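Enquirer: What follows is each chain in one-letter form.
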Amino acid sequence: MDVCLQGGTMALVGLVVTLAGFALSALSVGLTSSTGGRLGMVLVGLVMCLFGIIGLINPAYQKNAVWKK
Amino acid sequence: MKRVLLAASIVWCLMLVALAGVVYAQTPAPAAAPAAAPAAAPVAITDAAIKGLSGPSMADRAKGDPGGTTTGTVNDIPVGDMKKGLTIDDVVGAVGQNIVATNFVWTLVTGFLVMFMQAGFAIVETGLSRAKNANHTMMMNFMVYGVGMLAYWIIGFAIQMGGVSPNSNLGGLAPLNGEFVIHLFGKDWGLFGQHGMFLTGATYDVGVSVMFLFQMVFMDTALTIVTGTAAERWRYSAFVISSFFMGAFTYPLYGNWAWGGGWLQNLGANYGLGHGYADFAGSGVVHAVGGMTALAMAIIIGPRIGKFKRDGKPNAIPGHDIVIVLTGCFILAFGWFGFNPGSTLGAATNGNLRISTIAVNTMLAGMAGSFGAMYYMWLRYGKPDASMTGNGLLAGLVAITAPSGFVNPVGSVIIGVIAGVLCALSVEFIERNMKLDDVVGAISVHGTNGLWGVISVGLFADGKSNYGGSWSGVPGSVTGLFYGDAGQLVAQLIGVATLLGFVFSFSFALNAIIELVWGHRVSPKTELEGLDVPEMGALGYPEFVLKPEAAVEV
Numbered sequence: 007m008d009v010c011l012q013g014g015t016m017a018l019v020g021l022v023v024t025l026a027g028f029a030l031s032a033l034s035v036g037l038t039s040s041t042g043g044r045l046g047m048v049l050v051g052l053v054m055c056l057f058g059i060i061g062l063i064n065p066a067y068q069k070n071a072v073w074k075k
Numbered sequence: 064m065k066r067v068l069l070a071a072s073i074v075w076c077l078m079l080v081a082l083a084g085v086v087y088a089q090t091p092a093p094a095a096a097p098a099a100a101p102a103a104a105p106v107a108i109t110d111a112a113i114k115g116l117s118g119p120s121m122a123d124r125a126k127g128d129p130g131g132t133t134t135g136t137v138n139d140i141p142v143g144d145m146k147k148g149l150t151i152d153d154v155v156g157a158v159g160q161n162i163v164a165t166n167f168v169w170t171l172v173t174g175f176l177v178m179f180m181q182a183g184f185a186i187v188e189t190g191l192s193r194a195k196n197a198n199h200t201m202m203m204n205f206m207v208y209g210v211g212m213l214a215y216w217i218i219g220f221a222i223q224m225g226g227v228s229p230n231s232n233l234g235g236l237a238p239l240n241g242e243f244v245i246h247l248f249g250k251d252w253g254l255f256g257q258h259g260m261f262l263t264g265a266t267y268d269v270g271v272s273v274m275f276l277f278q279m280v281f282m283d284t285a286l287t288i289v290t291g292t293a294a295e296r297w298r299y300s301a302f303v304i305s306s307f308f309m310g311a312f313t314y315p316l317y318g319n320w321a322w323g324g325g326w327l328q329n330l331g332a333n334y335g336l337g338h339g340y341a342d343f344a345g346s347g348v349v350h351a352v353g354g355m356t357a358l359a360m361a362i363i364i365g366p367r368i369g370k371f372k373r374d375g376k377p378n379a380i381p382g383h384d385i386v387i388v389l390t391g392c393f394i395l396a397f398g399w400f401g402f403n404p405g406s407t408l409g410a411a412t413n414g415n416l417r418i419s420t421i422a423v424n425t426m427l428a429g430m431a432g433s434f435g436a437m438y439y440m441w442l443r444y445g446k447p448d449a450s451m452t453g454n455g456l457l458a459g460l461v462a463i464t465a466p467s468g469f470v471n472p473v474g475s476v477i478i479g480v481i482a483g484v485l486c487a488l489s490v491e492f493i494e495r496n497m498k499l500d501d502v503v504g505a506i507s508v509h510g511t512n513g514l515w516g517v518i519s520v521g522l523f524a525d526g527k528s529n530y531g532g533s534w535s536g537v538p539g540s541v542t543g544l545f546y547g548d549a550g551q552l553v554a555q556l557i558g559v560a561t562l563l564g565f566v567f568s569f570s571f572a573l574n575a576i577i578e579l580v581w582g583h584r585v586s587p588k589t590e591l592e593g594l595d596v597p598e599m600g601a602l603g604y605p606e607f608v609l610k611p612e613a614a615v616e617v
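Chains as they are written, first to last, in the working numbering: chain A, 7 to 75; chain B, 64 to 617.
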């Protein structure tokens with residue numbers, strides 16, 4: 007039960023990080039007019055998205071993977 | 064020794080591709096044409112002049128027309144007012160209707176080809192599943208067509224295309240003029256369309272019907288990607304619910320942003336990022352949306368029993384029929400000639416003759432993808448794996464879907480080769496590092512390579528396509544980084560971030576709620592027995608003797 011709760015929180019944090027990565031990338035067009043600046047923000051946003059999915063959401067679900075039982 | 068030979072042959076192939084690129088780049092420009100003689104002054108055409116025109120007589124027509132020279136003449140132009148006879152209005156009206164009719168027929172027929180891809184997906188996924196789940200896997204692929212279509216007819220089409228007007232190829236599509244926008248940073252950000260639910264009212268229209276059919280079969284392609292990943296353990300009822308919501312909301316939302324007049328499409332016009340997010344036929348809209356949803360489902364539903372050992376190492380669970388898998392890949396490659404060339408939404412005027420180049424780019428990238436995957440597997444594992452080679456073909460096709468309208472044949476081959484290798488690498492990463500079970504490799508084929516296809520537009524678009532002189536309201540043609548426009552690459556990367564950040568999250572949240580309320584996964588007993596009888600009530604192959612599950616190492 008405790009593992010489930012920890013996993014649930016971790017997945018929720020992962021979801022927030024992933025969405026924040028998207029928001030940063032999308033809003034970069036309004037935050038600066040330089041192409042280089044936008045590119046930098048979009049790349050940071052992409053890393054956040056990947057970290058949220060691969061580094062947080064997936065490991066949260068792997069805690070209770072069927073093959074570990 | 065074999066590996067040395069293989070490596071040498073790959074180097075030769077790469078050298079040939081590079082040589083072709085050099086030859087292409089160095090092809091001299093054609094000599095300037097001699098100065099033309101001054102053109103004669105235009106002569107005004109009057110109704111009186113047209114009245115004098117006459118076609119072959121009925122007596123001549125009655126003799127037959129084996130050469131096709133007397134069929135289709137002035138006699139075939141409908142006359143609006145018999146008292147006035149043939150007028151300029153009649154002729155111009157016939158020309159306009161001919162252009163739109165050509166575009167209607169082209170778009171409808173290519174849409175029919177895309178519809179047939181459902182059969183390809185069905186047998187690829189069923190062939191890669193075990194025989195004990197054949198009925199269930201086939202039924203998911205069969206009914207995803209109906210479930211998705213129902214959701215799209217009710218609301219999905221309106222969300223995606225309800226504000227797409229105008230479209231000059233299909234007669235304007237004036238009834239689809241209801242985009243919901245918000246104002247952000249001084250510009251309009253289109254979020255979703257509002258016209259077209261149930262195709263009633265003003266959207267009961269011939270042009271809108273063409274658009275609906277074509278977009279509907281694209282949406283269904285995205286939906287059927289998920290069934291491949293979650294096969295062999297997905298409750299049929301949960302599949303119906305999940306697919307309905309994907310067809311109603313997930314796919315249409317991103318489709319609106321990219322194709323329906325939404326904010327991604329207008330990044331060029333509003334913020335000077337190239338020509339805005341450019342996804343010609345849907346590497347992102349169709350394949351990456353399907354791939355991201357498949358990724359979310361794979362995480363939520365978990366791997367099949369026996370897929371991973373207790374130490375986390377993966378077991379291979381081979382499909383039951385590689386023959387139908389590769390046959391399905393061929394059907395899909397055939398259908399792709401509808402997918403990509405059909406995405407011009409027309410064959411006449413507006414730069415639409417580009418359809419021939421798009422078709423060639425499509426077939427070249429598919430070929431290159433199958434080579435990339437085959438050589439990778441051959442080098443790494445000593446055998447040219449059949450299912451991965453088939454997936455390589457599909458990966459090349461997925462990757463070329465977005466750039467097919469904007470790149471040249473050399474660019475297509477490079478994109479395809481990279482896609483094939485990327486597919487194999489991605490399958491390994493998802494299975495070994497992420498510990499996810501993707502029965503058919505759909506996350507890699509459609510997700511990873513859908514994203515690669517979107518990025519490749521920002522790199523390889525050569526600025527020569529020139530659809531109607533502009534794309535998404537920006538003059539000139541889509542041009543990637545390698546041809547001088549870094550802003551286009553940024554627009555494409557924002558699309559990738561939207562797919563990873565928004566589409567994945569939306570799909571994940573939606574399916575997590577379904578998991579909580581209904582449950583996605585069948586019981587372990589049902590999974591071990593096979594889903595055919597418990598879920599569908601009948602075996603796919605009732606006369607086969609199925610092997611017991613004991614063969615799986617744990």
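Honestly, I wouldn't trust all of these hints.
[As the list claims (entries may be wrong)] Calculated pairs, BS3-like style, for lysine-lysine (alpha carbon to alpha carbon, straight line, at most 27 Å): (1) A:K75 - B:K588; (2) A:K75 - B:K446; (3) B:K376 - A:K69; (4) B:K372 - A:K69; (5) A:K75 - B:K372; (6) B:K114 - B:K376; (7) B:K446 - A:K74; (8) B:K372 - A:K74; (9) B:K372 - B:K250.
It should be emphasised that the hints constitute simulated quantities derived from the structure, not laboratory data.
Remember, it's a predicted structure, so these values are computed and weren't measured experimentally.
Enquirer: Take the C-alpha atoms of A:K75 and B:K446, compute the straight-line distance between them, and say whether it is at most 27 Å.
Expert: 34 Å, violated
Enquirer: Regarding the pair B:K376 and A:K69, is the alpha-carbon distance no greater than 27 Å?
Expert: 16 Å, holds
Enquirer: Has the given pair, A:K75 with B:K372, been kept, meaning a C-alpha gap of at most 27 Å?
Expert: 10 Å, holds
Enquirer: Given the hint that B:K114 pairs with B:K376, test it: the Cα-Cα distance must not exceed 27 Å.
Expert: 82 Å, violated
Enquirer: Need the status of pair B:K372, A:K74: alpha-carbon distance at most 27 Å?
Expert: OK: B:K372 and A:K74 at ~8 Å, within 27 Å.
Enquirer: Given the hint that B:K446 pairs with A:K74, does the C-alpha gap stay at or below 27 Å?
Expert: 32 Å, violated
Enquirer: Quickly compare the C-alpha distance for B:K372 and A:K69 to 27 Å and report which way the hint goes.
Expert: 15 Å, holds
Enquirer: Assess, step by step, whether the Cα of A:K75 is no farther than 27 Å from the Cα of B:K588, and give holds or violated.
Expert: 15 Å, holds
Enquirer: Would the pair B:K372 and B:K250 pass a check requiring their Cα atoms to be no farther apart than 27 Å?
Expert: Violated. B:K372 to B:K250 sits at ~54 Å, over the 27 Å cutoff.
Of the numbered hints given earlier, the model fails hints 2, 6, 7, 9; all others are met.
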